[in-house]
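**Q** Please construct the entire structure, taking both the sequences and the accompanying hints into account.
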Amino acid sequence: MLVGAIPTLLLLILLLQMARLGPKNQTFQEALETQLTNQCQQIIQRILKEQVEQQQRMSESLIKFSQQNSEAQQLSLHHLQTTLRDNFSELDKQIHNVLQRTTNHLSEQFDKLNQGTSQHLLKISEAVEIKLSKGFEKTNETFTNIVQRLAIIDDAQKKITDLSQNVVGLQTLLSDKRSRGAFGEVQLNVLINNVLPAHCYRLQHTLSNNARVDCLLLLPEPTGKIAVDAKFPLENYQKYLDLTNDETVRLTAKQQFKIDIKKHIQDISQKYIIPGETSDGAIMFIPAEAIFAEIHTHHADLVEYAWQMRVWLASPSTMMAILTTASSVLKDSATRQQVHVIQEHLRLLAQDFTRFDKRMNHLSQHLRQANEDAEQVHISSQKITKRFQQIEKVELEPLLETNQPLVLEEK
Numbered sequence: 001m002l003v004g005a006i007p008t009l010l011l012l013i014l015l016l017q018m019a020r021l022g023p024k025n026q027t028f029q030e031a032l033e034t035q036l037t038n039q040c041q042q043i044i045q046r047i048l049k050e051q052v053e054q055q056q057r058m059s060e061s062l063i064k065f066s067q068q069n070s071e072a073q074q075l076s077l078h079h080l081q082t083t084l085r086d087n088f089s090e091l092d093k094q095i096h097n098v099l100q101r102t103t104n105h106l107s108e109q110f111d112k113l114n115q116g117t118s119q120h121l122l123k124i125s126e127a128v129e130i131k132l133s134k135g136f137e138k139t140n141e142t143f144t145n146i147v148q149r150l151a152i153i154d155d156a157q158k159k160i161t162d163l164s165q166n167v168v169g170l171q172t173l174l175s176d177k178r179s180r181g182a183f184g185e186v187q188l189n190v191l192i193n194n195v196l197p198a199h200c201y202r203l204q205h206t207l208s209n210n211a212r213v214d215c216l217l218l219l220p221e222p223t224g225k226i227a228v229d230a231k232f233p234l235e236n237y238q239k240y241l242d243l244t245n246d247e248t249v250r251l252t253a254k255q256q257f258k259i260d261i262k263k264h265i266q267d268i269s270q271k272y273i274i275p276g277e278t279s280d281g282a283i284m285f286i287p288a289e290a291i292f293a294e295i296h297t298h299h300a301d302l303v304e305y306a307w308q309m310r311v312w313l314a315s316p317s318t319m320m321a322i323l324t325t326a327s328s329v330l331k332d333s334a335t336r337q338q339v340h341v342i343q344e345h346l347r348l349l350a351q352d353f354t355r356f357d358k359r360m361n362h363l364s365q366h367l368r369q370a371n372e373d374a375e376q377v378h379i380s381s382q383k384i385t386k387r388f389q390q391i392e393k394v395e396l397e398p399l400l401e402t403n404q405p406l407v408l409e410e411k
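Position 54 of the sequence shown, counting from 1, maps to 54 under the working numbering, and the rest follow consecutively.
It should be emphasised that the hints constitute simulated quantities derived from the structure, not laboratory data. Keep in mind that this is a model prediction, so the values were computed, not measured. Certain hints may be false.
As the list claims (entries may be wrong) - Straight-line Cα separation of at most 35 Å, DSBU-like style, residue types lysine-lysine; simulated pairs:
| no. | residue 1 | residue 2 |
| --- | --- | --- |
| 1 | K331 | K225 |
| 2 | K123 | K138 |
| 3 | K138 | K158 |
**A** Listed below in structure tokens is the structure:
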């Protein structure tokens, strides 16, 4: 079949070459195509015939082979079935035994595993219970602490609220001039009451010029009576320090603040310094430490002007120092006034001490004589005791036997 196909392939190649040559050999090409077609048909018929013959031969061979091997196959098949049946039976027994042993082993393992798991779960449960108990205790303790702290915070918040209300109330109070004046007077009264005795000052005292001063300190000479008046220039001071205001507003407030201070200094100097009645100086009490510090720090001209007008500026802290000094002066003056009384008491005390010394010497002599008498009495007591001891020991018999006289000791 391959031999017949080779000429065909050669003819195809030749045909392709002729197709390249073009229409010059068209007649030859047509003849070649006819021949090639005839050869292909012959080849196809020959191939089909050979296929039919080959199929017949194969069928005959299969029939013969089947007849020859059918008996042997049946015997082999029977033997194979018997062998397989026996093997399957034995294998079934072995599988059953293996399954039985495996089942027993797995049952034992499962029992052990269940026991171990139960014990492990029991331990885990106990540990979890302990941890939960500790956790609940810590949680309760934490919750209690939180509640206590919340109570403290609530109390602090209430105090802050009260404080804010007090601050608001204080701001409202200080927004009015009369209220500020009353606040300064109250603060001044508290300071004076805490330091000086009541007979050393007078509150809201009216002077000879009908001017009423907040407090008049009654100090000994040469200081004399010092007038103290409270002034609280707050409004312009706040405008001056408020950074939200315009620079012009702040400068105007600063100038007005200085004018207010000067006016207060002038009023105190003119009203409360009266020759022959009060001291040659007076005190201007400023209830705010910030205003006092502002004046001394940035307005030295106001301090100088106050000294020229014989007015001493004082804040709560410096006022306390002034009052403490005044208290010491009052005590020193009281001591000087009582010097003659102290001297008289010292003289009487010296007389009493002299009398005491004489009586002490007299008592010492009596005690010394009584001591000597006590020693003599003690010696006599020892001798009498010794005689009684000799009598008890019968020491008189040897003397009687020797006719020796009995000598008694005398003292």
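**Q** Now look at each hint and say whether the structure bears it out.
**A** Taking the hints in turn, this is what the structure says about them:
{"no.": "1", "hint": "K331 to K225", "verdict": "16 Å, holds"}
{"no.": "2", "hint": "K123 to K138", "verdict": "22 Å, holds"}
{"no.": "3", "hint": "K138 to K158", "verdict": "29 Å, holds"}
No hint from the list above goes unmet by this structure.
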